[in-house]
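Asks: Given the sequences, and given the hints that come with them, work out the whole structure.
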Amino acid sequence: MPRALWLLALAAAFVAAPAARAEPGRVPLPVLEVDRTTTCVAPPEVMRRQHARMLERRKDLTVRHGVRGGKEALTSCIECHADRQTGAAVATPQAFCQACHDYVAVRLNCFECHQGRPGALRSGAIEPGTLSRWLR
Amino acid sequence: MASVLALPADGERAFWIRLAAGLAVLAAGLGSAWMIFRAGHIATNMNNEIVWGTPHVFAIFLIVAASGVLNVASMASVFGQLHYKPWARLSGLLCIAMLAGGLMVLMLDLGRPDRVVVAATHINLTSVFAWNVFLYTGMFALAALYLWMQMEKRMNRYARPVGIAAFVWRFVLTTGTGCIFAFLVARQAYASAVLPPLFIAMSLAWGMAVFVLVQAACGGAGEDLQRRMRNLLGILIALVLYLTAVYHLTNLYFARQTEFVRFILLDGGVYPLLFWGGYVLAGSLVPMWLVWRQGAGMGSLRAAAALTVVGAFAALYVFILGGQAFPLDIFPGFDETSSFRDGAIAGYVPSLLEVLLGLGGVAAAYLITLVGIQVLDFLPGEADGSPAAR
Amino acid sequence: MAEVSPNQGEEPAPSRRRLLAAAAAFAGVAIAPGVTLVEVARAARPGEPVTSKVRWGLLIDANLCQEGCQECVLACNRENGLEGGTRPVDVQWIRKVELKERATGRTLGLPVMCQHCANPPCVDVCPTKASFKRADGIVLVDRHTCIGCRYCMLACPYKARSMVHEPITQQKPEVPRGKGCVESCTLCVHRIDRGERNTACAEACPTKAILFGDLNDPESEISRRIASLPTKELRADLRLDLGVRYTGL
Chain V
3 MPRALWLLAL AAAFVAAPAA RAEPGRVPLP VLEVDRTTTC VAPPEVMRRQ
53 HARMLERRKD LTVRHGVRGG KEALTSCIEC HADRQTGAAV ATPQAFCQAC
103 HDYVAVRLNC FECHQGRPGA LRSGAIEPGT LSRWLR
Chain B
278 MASVLALPAD GERAFWIRLA AGLAVLAAGL GSAWMIFRAG HIATNMNNEI
328 VWGTPHVFAI FLIVAASGVL NVASMASVFG QLHYKPWARL SGLLCIAMLA
378 GGLMVLMLDL GRPDRVVVAA THINLTSVFA WNVFLYTGMF ALAALYLWMQ
428 MEKRMNRYAR PVGIAAFVWR FVLTTGTGCI FAFLVARQAY ASAVLPPLFI
478 AMSLAWGMAV FVLVQAACGG AGEDLQRRMR NLLGILIALV LYLTAVYHLT
528 NLYFARQTEF VRFILLDGGV YPLLFWGGYV LAGSLVPMWL VWRQGAGMGS
578 LRAAAALTVV GAFAALYVFI LGGQAFPLDI FPGFDETSSF RDGAIAGYVP
628 SLLEVLLGLG GVAAAYLITL VGIQVLDFLP GEADGSPAAR
Chain C
14 MAEVSPNQGE EPAPSRRRLL AAAAAFAGVA IAPGVTLVEV ARAARPGEPV
64 TSKVRWGLLI DANLCQEGCQ ECVLACNREN GLEGGTRPVD VQWIRKVELK
114 ERATGRTLGL PVMCQHCANP PCVDVCPTKA SFKRADGIVL VDRHTCIGCR
164 YCMLACPYKA RSMVHEPITQ QKPEVPRGKG CVESCTLCVH RIDRGERNTA
214 CAEACPTKAI LFGDLNDPES EISRRIASLP TKELRADLRL DLGVRYTGL
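Residue numbers (the working numbering), protein chains in the order written: chain V, 3 to 138; chain B, 278 to 667; chain C, 14 to 262.
Honestly, the hints are just simulated from the structure, not real lab data. Note that the Cβ used here is the ideal one computed from N, Cα and C, for glycine as well. Treat each hint with caution, since some may be false.
Unchecked claim - If the Cβ cut is set under 8 angstroms, some of the chain B residues that face chain V in the computed set are:
# : residue
1 : Glu289
2 : Val648
3 : Gln651
4 : Val652
Replies: Below, the structure written as structure tokens:
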């Protein structure tokens, strides 16, 4: 019996360790810089809740059925939402997609494959920021 | 001689030491998986020619042997060989343990191991890998159910029907494992209908070998059972050797396959070496001599089992790696060269990370077994009758 | 109580009938040329889902392929943002293969890429349906679902597939690709869907050895050439019904 308890304690410590490392206090709300002169495909309240579902539907349309371009394309999102200074949607913790996703702790791995910078390739290295950020 | 496993009678210290050792190897395996995940598969020696490397050798051994080790329980419940009955529970535990270890290695070796949930929710019914999602989870469930039927007295009468179900499921599962390769129409090493039966035979032989080794670590068997197991192990090794011979012989008759057979059996470097020396000699002929010679005893059985496992790894290495090293024949009648190494034999040596990942799977199986026999009644006890009956 | 309408029970007035007949005739005349136009414009327009009315394919003439030329490979790398390396771990979607016939010593070269089979073994073995064949015949990998098991790489008779072995960052916006997923020639699907009916390799070939077109359209140049020249499928014994044909082999 005691042995089983020790094993259970070991397992529990292993599971609880990541939570024990967390810092106390509130996480500041993300501050986004968005160009309000143009309009997105839907109002911000709708986009906040629905953009994942919209992206998923659009993904199937594009990948399986070849529907590309237009306002709903991911490349169009990036054209607008790429950070003006760094030129990318995920390069820094303040970048458009990264800021909110960091706040709600939802892993963002789109840009492991999708290009986060608008337009043609630009020179200059960009760290594969999303993955290493999630690891911290 | 200290045992690899710690029995309940051995005391606490023995258990904790072995647990620590197992956890250390497991940690090394998980660490390797992490490094491969971070850096990409460039951290291994796998590439676009050798797409499945050493982790797959370990994983397929564990999975095939897991299916076969349950045969000990099947012989008791399904075929009425009561000598095996006291050991049936341990065989069930080993089945679950090795299956878990093998699957762990496979899942960690994926290019995107973070997408295992995707694999479980997007099913392509023509793919053997997709069948395996159901076959392996079903195997876990049936093995667990089988153990319950054996361990709870009032459920004992259901042990036979559940045992039959587990037996049939094992056959389907191992056929599936063979079909993974049999369905590869374009590769000369695979695409053969003899592969599913060969895998079934391998599962029986390797499962028996692993069982003998674990049984030895758990106190060994009585004289009578030993004799039976020696005989059975010999027959199973011979069966695998026979089907392997059939596989190569039929390949020889196909003119388009001859170059491949030459490569594996004659001039492929490490592959013929491992095949003849590792699998045929050390892994089949010597064990058969050991179990069937005059004066064969407990030591012969264990040595034969150990050599069978060595031969199994050699055979799988030749099958999986050798089969990929030989180039695809896209232009029959032509010699090909290209930047993509068309027509060239691919080189491969196992990398440390791959070996550690594979060993991590073995460690996972070991830990499940080690903890299992401490916590529940998997080993033969008083209820199973006197030692003479074991 | 039933309502009473002024014209209840009467037929439409003769003038209205004539108007309706004339409208129907006019509509018929207006639609008729459209019906034949729909026949001609078989391929989906940009922004519309693709259909199986077209089947995209390539015809490669080995006689025109020059020894040592790598223009198709370079063009593919540029178009798709491939790194262009040739290490065993590097991704190659198209490669030039130099052949030497054993019996005669004759040498020739040709590019090899995904053959876009109609019965693709890679699609059969993919556990998650990530490897799939689109309605218009192009065989693709959906990298959202690909788990990187590499089973398709083993199954492909043409060694067409590569896995990305390290993290990459310089992807082109129209060609998303990433570590751990398997990929192969897409027949420049991002161009096709935009309406540019040609692949980068076909466009770049200095001798026009690669021809892209619709195999389902008997009037297309590729179909006419396949109908008149002797062409071959690689590993035709496998009966995979390929979208890429070779002549001069």
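Asks: Please go over all the hints and tell whether each is borne out by the structure.
Replies: For each hint, the structure was consulted:
no. : hint   : result
1   : Glu289 : holds, 7 angstroms
2   : Val648 : holds, 7 angstroms
3   : Gln651 : holds, 7 angstroms
4   : Val652 : holds, 6 angstroms
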